[in-house]
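Novice: Assembling the complex is the task here: the two chains are given apart, and the hints tell you how they should meet.
Listed here are the chains, written in short residue letters.
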Amino acid sequence: MKLAARLLRAVISLWLIVTFVFVALRLTGDPVIAVLNPDDMTKDMMDSYRKLWGFEGTIGEQYLIYITNVMHGNFGKSILNGRDAFATVMERLPATLQLIGASAAIMILIGIPVGTWAAMKAGSKWDALVMSFSTFGFAIPNFFFGLLLILVLSVTLHWLPTGGTGSPLHLIMPVITIGVAKAAVFTRFVRSAMLDALKLQCVTSARARGLSGARVLIRHVFPNALVPLATILPLLVGGMISAAAVVEAVFAWPGIGRLIVESVAQRNLAIVQVIIMLVAFVMIVTNLLVDLLYAWLDPRASAAAAN
Amino acid sequence: MLQAALASSWRNAVKMPLSVKISALWLILCLSLVGFAAWLPIPEKNTLDLMSRLLPPVGWGGGINHLLGTDELGRDILARLISSMRTSLLLALCATLISATLGTTLGILAAHFGGWVDELVVGAIDAQASLPFIIVTLTITAFFGSSLTLFLIILGLYGWERFARLSRAMTLASRGRGYVLAMQTLGFSWWRIYLRHVLPNIASALLVTATINFPETILLETSLSFLGLGIQPPNTSLGNMVGFGRNYLLTGWWMCVVPGVTIFLCTLAVSVIGDWARSMISRT
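For the record, the sequence lines run as chains A and B.
Heads up: the first sequence at position 278 corresponds to 277 in numbering that gives the first Met the number 0, and the numbers run straight through without jumps.
Heads up: the second sequence at position 80 corresponds to 79 in numbering that gives the first Met the number 0, and the numbers run straight through without jumps.
Treat the hints as calculated values from the structure; they're not laboratory data.
Some clues are possibly wrong.
[Claimed, not checked] Distance condition first, Cα-Cα at most 30 Å in a straight line; then the derived DSS-like pairs of lysine-lysine: (1) B/Lys20 - A/Lys120; (2) A/Lys42 - A/Lys124; (3) B/Lys14 - A/Lys124.
Next comes chain B alone, as it looks inside the complex (with noise of 0.2 Å):
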């Protein structure tokens, strides 16, 4: 079974559309970037080399020695890029596991218990789904201060409503199922019905949540570094990059060009990918 499992996903990966692998082929390079960081020939990223400040990247009249350019210290762009991938890739992956966790925990247990717990849970995410999550952001900021625990906590809240919408309602859903009234019959516990049997059958949509969760919460938590409030230095996170490039706009436009590429192609990667992935759930 797990053969055959593995022969579908392997057809499936080479009937891929062109944009679905370039987007995978992208994630792939950003991923082994950040992790054989250390064994890249590359300068430090916090070397300063006063005397190549304001380097351009390779084709603009940059040379070999810095791929990327440099800032205005002389720090060489790539390596700081690569230490901000890494900043902005976990904190997102970290907190969209913890909404994922979070809402789909809350989804099922309104659906189960139904009731007055049930009527919480939905007011809850009516509430969170009708205020802009930026300003609820800015003002838990400005009343606690910013601290990175703080930041990743505000982070893994964004978003719980879509999974914890989506679980509800489809734990509601599995309950008049065969194997939920086989199961109950048989007199399992329920959380062994809902953890063994009806998560992995809402898992893939799961997962398709997180793809349109997952590069929401990068720009998020890029739109907030920018504006200074989120990742403060001396920790770098592509939005912040983008922030101190904005002020050389004038004299070394990729300072704030190259990290912001990097923000789009990488938010557009997992979009394509989790558009392909939903088109092939529907199908099935």
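Looking at chain A on its own, in the form it has when it is part of the complex (with noise of 0.2 Å):
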């Protein structure tokens, strides 16, 4: 019963989604002078890729035939090349997963041992040091970060190069930027879930019994400390998209952030509109998984929503 409502909760989010682009693409003017490009084309060509798309009939006809469009993966061809914009935002796709992928290994690498460590010296001057570290990295804007990166790394001591991509050495760049910023912000949910865990009676309890502290952390406090950033970790993740725009467009990095950018300066509709959708259901499908995992992580959680 849970479960169904939480699947229905999410496929009404993704009608919404396709709602919201349908209307905003209505209310932009004539969607076919919008997607396609007026003047390569005859009013004979525009007349069968209005009838193609469904932009004849009614308002409610063409909703019905555009929801169809979009579930069969048919959302309009770039205005650029011609090409099927649904295919051209895949080929980008891998870029983009392997940027976002490595940049949450090093924020896992940096979160964990450093919020576990500020949290058990909490209120020393260790953890004031990371905690200011921490208010850093959320204020440094993450395009002037990867500029510095760029200035200091490649303008000035030519270890690494500038933008673009080939081999893993362009990777290092984007990885940092990306990947410290959202590391400041993990840190911070890491200490505060580690401090509520070191409260719990039963971490007094098993130090009382004379475990030894690394044995107390590993059995006790971890797992307590899990649930919490197993159900924010995903989200975050998800979230790495929006820095990825930015980075990406900063290091010439070939992926759907970039595309996106490019995209909107050139008004291409078709690729805007594959991107957003996906995003939308890549993030609403990994809110659904977080609160079932969060359910299953935490028995108490479901026990207390069936009450």
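Specialist: Written out as structure tokens, the structure reads:
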């Protein structure tokens, strides 16, 4: 029952997004002119496209045809080269996944040890230092951080290429830019989750039983801190697409982030609508999985909801 | 009572940590530069001086005429920086006010009416929180083009869900409180109770939320302007200054470092003050 309600809510969210895009497309005027380039087309061709994409008839009929097309992965063609929009986006997806995956790894590798350490030393000057760095990481604009890295590592020291793709070296700076900034946010979550877990009675009693510090940490603190962390982590990783849009543009990284920025500048609406729907789909599914994960990790949550 | 409040806020001001004092001083400096720009002895921001192109700032070989150096057309960077600060800070301030007003109103309405109104607002909060905002912004810009008004509206939508969530929760919590029950019993209208009694009680929490929202709005605005999709020339924002300076990393690093550092220091200062304010509130 609970699962059905959550699935229904996810489907409604998806439907809202598709409807939003449909309304926005209609508000921009003639969708065929907006998506295609009228200079290259005769009137007959445009009419045939109108018919093909269902831009004829009443608004209700158009809406139904639009939804059918979306479900079939038919999002129209890029105005730049006339290629299928969906295929164009899918081609650029692996580069972004690579970037986000590597950044997520950096975020976790920094966030968990540093956050745990800060929580164990809570109130000390080390804790204050970690928190200050976290504030720094939160405040620095990622495009400027990326440019500083280029300035130091590429322009001055000539160690790394300024941008583009082709070797693992190209990945280093974009990954540092996203990974370190997100690690600043994640460290705070880890610290506060650990602080909460350290206050639990089972931890106090484990200490009282004389267990070693490391054992208490691994057997009692980590499992309790894991629940809030496991639920926030997928959302943080999903949210990296925002950072990727900016950082890919800085480093000329050929992913969907740079694609959406270019497409917005060219008003290449077919591409933009594929990307927004793709991102919305991924985020909605992620949210659904996080809900289920949470219920599975912490049976108290679903028990409380059932009462 | 007012005197007591003033005295206690003065005592708090003296007790502020050094980092908070420095942050406050930095913000005061920025605001005075923006406010008194017209009376400062600096060149006009659009004056071209092709003889003194790409001059470095003072301390890196530059002269006193151009404290922060010049750009590729010999325009004074300090003058451009002040004008950009005005745009970026003003936009972030207006956007935060819009977002706070919208979010708080929706939150209180949701808490008051409950039922399907509540469902609708909570659903919208969830949807907004789960979508990466910059992608939504890019999509809206693609559909409707970029104009200053639309840009301000988009920025004003940023973070409304945070205010809504907070005000909804706090309004729900305040309904059981004695002072609200007393007002209800005395027959005061709901809007009066919310406006005069509930709102002042949640104001400090909303203000702290604003100190989180404000720096994030600056980051969003400068990111979009950096990408060339926000503030358009001839207007300048801290973001599009970094964007243009990017092409001169080899010959004039200060063109992008000066505005970049300024963004960083402004967001940092507001965050530091916000963190401190939050710790003060949670202590009492």
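Novice: Now tell me if each hint is right for this structure.
Specialist: Consistency of the hints with the structure:
no. : hint               : result
1   : B/Lys20 - A/Lys120 : holds (26 Å)
2   : A/Lys42 - A/Lys124 : violated (72 Å)
3   : B/Lys14 - A/Lys124 : holds (19 Å)
In terms of the numbered hints stated before, the structure departs from hint 2 and from no other.
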